[in-house]
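A.B. asks: Those sequence lines, one after another, are chains A and B. Counting from 1, one number per residue, gives the positions in the first sequence under the working numbering. Counting from 1, one number per residue, gives the positions in the second sequence under the working numbering.
Derived by calculation from the structure, the hints in this document are not laboratory data. Hints should not be assumed to be uniformly reliable.
[What the hints assert, rightly or not] Covered by chain B, according to a simulated footprint, are these stretches of chain A (three or more residues, beta-carbon under 8 angstroms):
id	region
1	111–125
2	130–137
3	178–189
4	578–587
Quick reminder that beta carbons are idealized off the backbone N, C-alpha and C, glycines included.
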Amino acid sequence: MAQALGPDSLRDHREGGRPKWDNKFQYFLSCLGFAVGLGNVWRFPYLCQTHGGGKPVAAPVPRPVPGWEVPLQEIRQRGRGGADTAVSAGLGCLVASFLISLYYNTILTWVLWYLLNSFQQPLPWSSCPTDLNRTGFVEECQGSGAVSYFWYRQTLNIAADIKDSGSIQWWLLVCSAACWAIVYMCIIRGIETTGKVSRRALTPTQLPPASRTPVRVRCVPASYGLPDSFQMQTLQNPRVWLDAATQIFFSLSLAFGGHIAFASYNPPRNNCKRDAVAVALVNSVTSLYASITVFSVLGFKATNDHGQCLDRNVLSLINEFDLPEQSISRDSYLAALAHLNTTQPERVARLSLKTCRLEDFLDKSVAGPGLAFIIFTEAIVHMPGAPTWAILFFGMLFALGLSSMFGNMESVIAPLLDVGVMPRWVPKEALTGLVCLVSFLLASCFTLQSGNYWLEIFDNFAASLNLIILAFLEVVGVVYVYGMKRFCDDIAWMTGRRPGLYWRVSWALASPLLLLTIFVAYIAFLAQKPPSYRAWNPQHERFPEWQEKRYPGWVLAACALLSLLPTLCILVAALAQLLARHTRRRRPRDALPNADTDRDTDTR
Amino acid sequence: MLWPLFILVTAIHAQLCHPGAENAFKVRLSIKTALGEKAYAWDINEEYLFRAMVAFSMRKLPKREATEVAHVLLCNVTQRVSFWFVVTDPSKNHTLPAAEVQSAIRMNRNRINNAFSLNDRTLEFLKIPSTLEPPTDPSVPIWIIIFGVIFCMVIVAITLLILSGIWESRRKNAELSQLIDAEDRCENMITIENGIPCNPLDAKGGRINDAFVTEDERLTPL
Numbered sequence: 001m002a003q004a005l006g007p008d009s010l011r012d013h014r015e016g017g018r019p020k021w022d023n024k025f026q027y028f029l030s031c032l033g034f035a036v037g038l039g040n041v042w043r044f045p046y047l048c049q050t051h052g053g054g055k056p057v058a059a060p061v062p063r064p065v066p067g068w069e070v071p072l073q074e075i076r077q078r079g080r081g082g083a084d085t086a087v088s089a090g091l092g093c094l095v096a097s098f099l100i101s102l103y104y105n106t107i108l109t110w111v112l113w114y115l116l117n118s119f120q121q122p123l124p125w126s127s128c129p130t131d132l133n134r135t136g137f138v139e140e141c142q143g144s145g146a147v148s149y150f151w152y153r154q155t156l157n158i159a160a161d162i163k164d165s166g167s168i169q170w171w172l173l174v175c176s177a178a179c180w181a182i183v184y185m186c187i188i189r190g191i192e193t194t195g196k197v198s199r200r201a202l203t204p205t206q207l208p209p210a211s212r213t214p215v216r217v218r219c220v221p222a223s224y225g226l227p228d229s230f231q232m233q234t235l236q237n238p239r240v241w242l243d244a245a246t247q248i249f250f251s252l253s254l255a256f257g258g259h260i261a262f263a264s265y266n267p268p269r270n271n272c273k274r275d276a277v278a279v280a281l282v283n284s285v286t287s288l289y290a291s292i293t294v295f296s297v298l299g300f301k302a303t304n305d306h307g308q309c310l311d312r313n314v315l316s317l318i319n320e321f322d323l324p325e326q327s328i329s330r331d332s333y334l335a336a337l338a339h340l341n342t343t344q345p346e347r348v349a350r351l352s353l354k355t356c357r358l359e360d361f362l363d364k365s366v367a368g369p370g371l372a373f374i375i376f377t378e379a380i381v382h383m384p385g386a387p388t389w390a391i392l393f394f395g396m397l398f399a400l401g402l403s404s405m406f407g408n409m410e411s412v413i414a415p416l417l418d419v420g421v422m423p424r425w426v427p428k429e430a431l432t433g434l435v436c437l438v439s440f441l442l443a444s445c446f447t448l449q450s451g452n453y454w455l456e457i458f459d460n461f462a463a464s465l466n467l468i469i470l471a472f473l474e475v476v477g478v479v480y481v482y483g484m485k486r487f488c489d490d491i492a493w494m495t496g497r498r499p500g501l502y503w504r505v506s507w508a509l510a511s512p513l514l515l516l517t518i519f520v521a522y523i524a525f526l527a528q529k530p531p532s533y534r535a536w537n538p539q540h541e542r543f544p545e546w547q548e549k550r551y552p553g554w555v556l557a558a559c560a561l562l563s564l565l566p567t568l569c570i571l572v573a574a575l576a577q578l579l580a581r582h583t584r585r586r587r588p589r590d591a592l593p594n595a596d597t598d599r600d601t602d603t604r
Numbered sequence: 001m002l003w004p005l006f007i008l009v010t011a012i013h014a015q016l017c018h019p020g021a022e023n024a025f026k027v028r029l030s031i032k033t034a035l036g037e038k039a040y041a042w043d044i045n046e047e048y049l050f051r052a053m054v055a056f057s058m059r060k061l062p063k064r065e066a067t068e069v070a071h072v073l074l075c076n077v078t079q080r081v082s083f084w085f086v087v088t089d090p091s092k093n094h095t096l097p098a099a100e101v102q103s104a105i106r107m108n109r110n111r112i113n114n115a116f117s118l119n120d121r122t123l124e125f126l127k128i129p130s131t132l133e134p135p136t137d138p139s140v141p142i143w144i145i146i147f148g149v150i151f152c153m154v155i156v157a158i159t160l161l162i163l164s165g166i167w168e169s170r171r172k173n174a175e176l177s178q179l180i181d182a183e184d185r186c187e188n189m190i191t192i193e194n195g196i197p198c199n200p201l202d203a204k205g206g207r208i209n210d211a212f213v214t215e216d217e218r219l220t221p222l
């Protein structure tokens, strides 16, 4: 980053030269860190779990979808035409990335809270707290289980309805402040600090899953969780394709603008095709690898729960019929139950024993953020040396999420810097700090008691439709407005070879069609059933099951606004530009032709 | 002669102590679960110890110092191991109220558990809830300590980064102004290379090379 102070660099320094990556490895790791995130660790396995195994793995998605993002900004840097039309799409990306980073950092806050609480033995979520006169456990905890109680009550202190916002939970607020401070520290000078942190932060995050997977896959119980069969019928379900496509989309962090921002700091002649394919491949491999770990943990937990269920039933039988201790084992339970049922059915019926089936435990999985904080924490409690595993796991999650946050924040800050929102004399650190401060203040609404419900809304609405629309506009803009031929020429200039037929067909036909299909299918699914949410209500009669509730009207309006905000920004920006061009044409043409040449000279 | 007395005592015993009797409590032991291979067998000597512990607990109550082992009756011992017990008053006519027995047992639960090398889960008094261990809350929660450490480190790092940025920009500005001054002064400095001064080369108009004779001198005049 240090520039030799000769006369030429002097000029650059006075004009403000564009920062650069220290080396290619830093850039690659930063992209990888951005792409590999929390979505790989729980969203992909959860989707696999919902569709019963490894189906989304097999759904083919056109790989070149990321292929145009990397060269796009490198082209823009060289000042070729079409930059103006890209500004509106960029504004949309900025707004989308901003909304996403708000809630993404809240998940990081939760991870940090769990990480801080992992430094004690016994772990705080391993047992229920006692009630006031210490004769038993807190009632809500007895109903839901210690782990769920710790998550819903002691962490979130969740309200029973989205309408009661409740108060701000101070512990979450300070953790959120710490998270934003850590993010600020890492992106304070842009890629100068980001690159170094990526190199140091990303490699260690791969080690803990590597160390845990061989241990657990060897254990027989864990292998129950691994997907075993591949059924053709599920591939015919369109929902599977929709989920697979959206997952690969979010997993690679496309249309956030982050990859474009990162790539803009590269030298112009860069083998972007190789980078794009490499990032996509590593991301997919990480998803699969993470899902092996996740499934083995789920299998371990399921066999544990199944064993405990059997033990409870055995104990009930022994206590009721005063049989000698350990006279019924887990294996002989069914035979003993059958025998007792024939001899004394009324007493057996009074016991109200639950049937314990391993499949039930394997199928029961929690969606979304709950997966990590409930199922994993429960699995960790049963492992020997629980605090160590907890620290490793939450440390890994934190590092993964942090590296994705770099990309999100970069895609917010880089456009602001490029557009020149602040005057020249304001240092970059101040702009970054201001963005982080504003984000922290806005994200503090997620620390309210109804914060979890709002986070689900953000996850479902802010991140889905917008990204599909933005990606569609990007593809169409590059291929049809900028021109396929010009784009291929640029790539030939950058990498030395023109892109092959596969790439061109995918960019021109497959990707736009696929995106359009996903968009239409998504709208159709949304329209079919009205959006509802699941509330955690201790007073509910079927507690600890969720209570299905419908969103009130004003919340639905907020959802719609979230979905459409980035698109609205694009439209507003496009209109503004049209208007500006119109008024410029009416005024006499004096300084206009210099605009394009200025952009051309702004190169290294 | 003793037979009628024996039958009478047994009858009274059965009347006072039977499953579900008034003021009776059921006890359940899980010795094998607690001790594994070191489990002992439950016999009448263990029962005697149990009755002694209950009598000991009752004697700790203010008005019951005269309770003897013989006042504690056990019945319905099963293979589980579980049984019922009652505590009678000295006259052996009626049983002591359940509330008193309950409070006595609760106060001395630890001693009773230790006598049998069991704990609250493996020696259960049904209907007598055990006082749970108070949670080991340190005065300052651990997470706050670690949070404080991490937060301080982050603040220090941010301050250092900002300060180093300010120093670097000030240093660059100082060097910049130095170089700008040097550029301005460049015109007054004469750089010499290989003994030939450089500035004449920049001079406009060129320089006459005396090695070439002028036109006029070469041609002889007419």
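A.B. asks: Now tell me, hint by hint, if it's right for this structure.
C.D. replies: Hints, verified against the model:
Counting residues of the region 111–125 of chain A whose CB lies closer than 8 angstroms to any CB of chain B gives 5, so the stated coverage by that chain holds, three being the minimum. With a threshold of 8 angstroms between beta carbons, the proposed coverage of the region 130–137 of chain A by chain B holds, since 5 of its residues qualify and at least three are required. Check on the region 178–189 of chain A: 7 of its residues sit with their Cβ under 8 angstroms from a Cβ of chain B, so the three-residue criterion for coverage holds. Restraint check on the region 578–587 of chain A versus chain B: 0 residues with Cβ-Cβ distances below 8 angstroms, three needed, restraint violated.
Violated hint: 4 only; the structure is consistent with all others.
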